[in-house]
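Asker: Next come the chains, spelled out residue by residue.
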Amino acid sequence: MSKLIFNRRRFLGTAAMTGAALASPAYLRRAHAQGGEVNIWTYNDFVPEAFKEQFEAETGIKVNVRLVDDQGKQFNLLAAEQPNPSVDIMTVAGHRFLQFIESDLLAPMDTDRLSNWDKINPTFSESDWSTINGNKWGVPILSGMEVLSYNTDLVTAEEAQTWDTLFSEKYKGQTAYIIQDMLSIVMLMKGYDGNFIEYADDHEKAAEIMAEIQQFMIEKKPLVRKYYDSGAEIQQMFVNQDIALGHSWNGPAAALINDGFPLAMSIPQEGSYGFVYTLNVANNAPNADNAYTFLDAMLSSPEIGAAMTKASGFISTYKDSAQYLTDLEKKSTSFPEEQLANLQFFRAEENELKYGLMDPAVEAIKAA
Amino acid sequence: MNRGNRILLSCVYWAFVLYVFVPLILMILMGFKDSKFIGFPIKSWTLDWYTGVFADAEILSTLGYSAAIAVLATLISVAVGTWIAVLLEGRKFWGRTAIFGMTVLPALVPGIISAIAFRIYARYLGIEPGMGAIVWAHAVHNVPFVVLVVMARLSTLPKSQLEAARDLGADPIIAFLRITLPYLVPAILGASIFCLLLSFDDFVRSFFLGGYEPTLPVLIFAKLKSGMSPEINAIATVALVLTAAIGIWAERFTRRMNKDTKA
Amino acid sequence: MSNEAASRATQDVDAHTGVGRTFWGRLSNWSPYRALMGLVTASPRRQFLILAIFPLLWVLTQHLGPMLQMVRVSLTDAYPVAPGVEQHFTLDNYARFFGDQIFWQPFFRTLIFAGGFTFCTLILTYPVAYFLARHVSRKNQMLFLLLLLIPFWVGEIVRTYAIMILLGNTGALNLVLKTLGLIDRPIPFMYTSFSMGVGIVYLTALYMLLPLYSALEKLPRSYNEAAADLGAGAWTRFRRVTLPLTIEGISSGCTLVFLISTGFYATPVLLGGPSTTTFAETIAGFFHVAGDQWPTGAAFATIMFFAALVLTAVFQKLMNALRKGDTK
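Chains as they are written, first to last, in UniProt numbering: chain A, 1 to 368; chain B, 1 to 263; chain C, 1 to 328.
Same shape as in the complex, but just chain A:
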């Protein structure tokens, strides 16, 4: 265990040096003496410190990072700042795009201005969720997914092949999940479309299905230990052995695995959903040019992608970034091919229908 920490620290400690050793691409030199600043809202550790320092040194653009801890707060903050935001780049999850776009908070992404756009794995850059209203809106950087995490001392890999285990009497009082995310997953379990695209023209059916799911969740309520919200919570529940298994995002689970905790993840056979964190340029961004310079620089090397994976536990969207990961890090960020086949992305098109039904369902389940 301590060896891992040593690795992590060594990475941080030598990161400045590695950063300097990275080849400095031509466009950066061109941009030199450009000066000014770029303002970024992002999660802790999403922008690698070494990259940030190198970028500032090469371009003379000062990078101001404002740390945020959730999507909703970013939205509220930005909405309160419009029409003259203080931010240039912010971090939005792909399936939350629509909300930002509809409120006119994002500017369409001009991918022609990003010479390194093709360094992103097309699975992410050309996916069905990434184009809305005929435009691209963000640069994909990290990919997350909804997984079943389990303590390998208590739960077998076989049991983790199905979401049913999460609702079994055997693990009564030893499970936890994020209630909103679980609603979509239960829809998949029951053979429905958790993105609601199939029900775009049949809202009655959608409501019927949601009522069924709600009923199921209420029936299973005595079995669950905790409806949680944040990754830190489920990590703590695993460490304290308050739970044996639970639904989680892969990032927080990977962080536990990398720390040597006996944990594993699976994408159960019923399927699951994935999402992608993207960097977006704000509408009316005060330093839009610098924002594009920054985004292009960020995409320039797979090593930067790997650094983001190391810090967050989420999977890098960069081509070839895996070669910079340790074996354990590779293990905690990869899944067997047959499990990945069950994965689909969250879609935003029918969000209004979806959340219109889901939000009251969440309230009802919590109140039950």
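It cannot be assumed that every hint is accurate.
As the list claims (entries may be wrong) - Straight-line C-alpha distance at most 30 angstroms; calculated BS3-like pairs for lysine-lysine:
#1 B:Lys43 x C:Lys178
#2 B:Lys225 x A:Lys136
#3 C:Lys178 x B:Lys159
#4 A:Lys221 x B:Lys225
#5 C:Lys317 x B:Lys92
#6 A:Lys172 x C:Lys178
#7 C:Lys178 x A:Lys170
#8 A:Lys330 x B:Lys225
#9 B:Lys159 x A:Lys73
#10 B:Lys159 x C:Lys218
#11 A:Lys220 x A:Lys205
#12 A:Lys220 x B:Lys225
#13 C:Lys324 x B:Lys159
#14 A:Lys119 x B:Lys225
#15 B:Lys43 x A:Lys330
#16 A:Lys52 x B:Lys225
#17 B:Lys92 x C:Lys178
#18 A:Lys172 x B:Lys92
#19 A:Lys190 x A:Lys220
#20 A:Lys331 x B:Lys43
#21 A:Lys319 x A:Lys330
#22 A:Lys221 x A:Lys62
#23 B:Lys225 x A:Lys62
#24 A:Lys221 x A:Lys170
#25 C:Lys317 x B:Lys159
#26 A:Lys73 x A:Lys52
#27 A:Lys62 x A:Lys73
#28 A:Lys319 x A:Lys62
#29 A:Lys319 x B:Lys225
#30 A:Lys331 x B:Lys225
#31 C:Lys324 x B:Lys92
#32 C:Lys178 x C:Lys324
#33 A:Lys190 x A:Lys221
#34 A:Lys331 x A:Lys62
Stated by the list, open to error - Here's a subset of chain B near chain A, in silico, CB distances under 8 angstroms, partners left out:
#35 Gly39
#36 Phe208
#37 Val218
The set of hints was computed from the structure by calculation and includes no laboratory data. Note that the Cβ used here is the ideal one computed from N, Cα and C, for glycine as well.
Position chains B and C relative to chain A; hints supplied.
Answerer: Frame of chain A; chains B and C shown alone:
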């Protein structure tokens, strides 16, 4: 009988001390854990998290920033709060209840609502997000606590003292400065502690009104996103030790000042 | 103390006529200051106006302003307003609360929990405050009090996680119980009303302790002694003398704790279980998860706010009645 009571009460006190301190001790202890997550069992120990705090310029400057905000906001709250308390206590006038109601308002609004209301209002007033805005929001939010504490003390001020001073010709300002204010000192000190605590620990208002420099709770929230690591415990412990040291120093200092003026 | 202070003020006044020896004397002799004083104290009415104008402006602009903004938002159908969208006045957001029973449960739960936790805090801290004020020598009182304040310097979130480490299945408490041989399997303390209570009382104890302490500290010991001389037992003395005289401290402590605990968000969310959702969580949901429902959130916050206010007013009336009843 009395003695039995006393022993029983002291047991209750020390049990309470235990209740209050056990989580604190656990927090300090976890800062020495050699892992990225807090919790038992602790397999190996390390000093790295603590040394890391002192090596990290961002954390130290955040601590200073939070402390500066807390002190400034407290100074404003105490001045304004005391003024309002003096107006409200012991006077009967038309609209007193309304003013009192408005005074305690900020303490009653739930955190997230208050933060967003402040953010919208700041834009309306043209206050830029940043240190000034945070100080402003904290100051406004803390005024009710000062008013409540100071009013409670003020209500016990013997009227005869003020009247005596006025009868002897002291004008209201001198009477306030020489009689009321010294009498209020314990309440003002208590209220200051309240304010410093509230400000230092505030997350929502600091987040919504802050700029690109995080306050301590904002930094901790952001770090929590990647897991509750011993680093956060180490930061909290260092903040605790530093503020406790400053508190003890301030207490000693005022004590010595008092001695000097007496002599 | 009282005579001393008055005579100090007298000295300054003496300085008026004699030589200004003290700072205060010199100040009151300084002609610009005297001119100012003359202006300020010309009439009691003007004096009052000068005293009142600043607080009035402050509470109107700083306290009422943000709140009115919130109420205004709660009466609209869209906020923040997207460009090109027209904003309309509506009462729908309030109707939504009264029309849907789903919201009543967390609402009443919050009020009941807040009341219950306030009572627990009172019961727990009263003996502590009593001990501090009555049985600790004056010299040490500050020290003992400060000792209790130390943990409150640690942020809410960090403290809350420390409580998880205390109460979890592999937490300190279960570890101790197991080592003592009292249990074989860990007791699931976490994610119950119990763990939530432990966390909330931890947060509120300070706000109860300080008013109680200052009320008890003011109470002259001679009252109790007199009652004892009259043959009253310890319990009777407490019930007939101490309790009625500290009712003001109890009332302000309870008010403070009750109001604060209706607004708690992070601690109940982190320590509570699946069936302990609070109204603050419901409200925050409109701002976080749903994202675009600020008006509804603002309306719900307004409802919570007025409910808490009404309850507090009733409580204060009750306390006042109690006090009057006792002095009769």
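Asker: None of the hints should be skipped; say for each whether it holds.
Answerer: We went through each hint and held it up to the structure:
no.	hint	verdict
1	B:Lys43 x C:Lys178	19 angstroms, holds
2	B:Lys225 x A:Lys136	27 angstroms, holds
3	C:Lys178 x B:Lys159	61 angstroms, violated
4	A:Lys221 x B:Lys225	27 angstroms, holds
5	C:Lys317 x B:Lys92	19 angstroms, holds
6	A:Lys172 x C:Lys178	22 angstroms, holds
7	C:Lys178 x A:Lys170	24 angstroms, holds
8	A:Lys330 x B:Lys225	21 angstroms, holds
9	B:Lys159 x A:Lys73	51 angstroms, violated
10	B:Lys159 x C:Lys218	16 angstroms, holds
11	A:Lys220 x A:Lys205	23 angstroms, holds
12	A:Lys220 x B:Lys225	29 angstroms, holds
13	C:Lys324 x B:Lys159	22 angstroms, holds
14	A:Lys119 x B:Lys225	27 angstroms, holds
15	B:Lys43 x A:Lys330	25 angstroms, holds
16	A:Lys52 x B:Lys225	20 angstroms, holds
17	B:Lys92 x C:Lys178	62 angstroms, violated
18	A:Lys172 x B:Lys92	62 angstroms, violated
19	A:Lys190 x A:Lys220	15 angstroms, holds
20	A:Lys331 x B:Lys43	23 angstroms, holds
21	A:Lys319 x A:Lys330	14 angstroms, holds
22	A:Lys221 x A:Lys62	50 angstroms, violated
23	B:Lys225 x A:Lys62	25 angstroms, holds
24	A:Lys221 x A:Lys170	14 angstroms, holds
25	C:Lys317 x B:Lys159	26 angstroms, holds
26	A:Lys73 x A:Lys52	24 angstroms, holds
27	A:Lys62 x A:Lys73	24 angstroms, holds
28	A:Lys319 x A:Lys62	28 angstroms, holds
29	A:Lys319 x B:Lys225	26 angstroms, holds
30	A:Lys331 x B:Lys225	22 angstroms, holds
31	C:Lys324 x B:Lys92	20 angstroms, holds
32	C:Lys178 x C:Lys324	52 angstroms, violated
33	A:Lys190 x A:Lys221	17 angstroms, holds
34	A:Lys331 x A:Lys62	36 angstroms, violated
35	Gly39	4 angstroms, holds
36	Phe208	6 angstroms, holds
37	Val218	7 angstroms, holds
Figure legend: structure checked against the earlier numbered hints; hints not met, in rising order: 3, 9, 17, 18, 22, 32 and 34.
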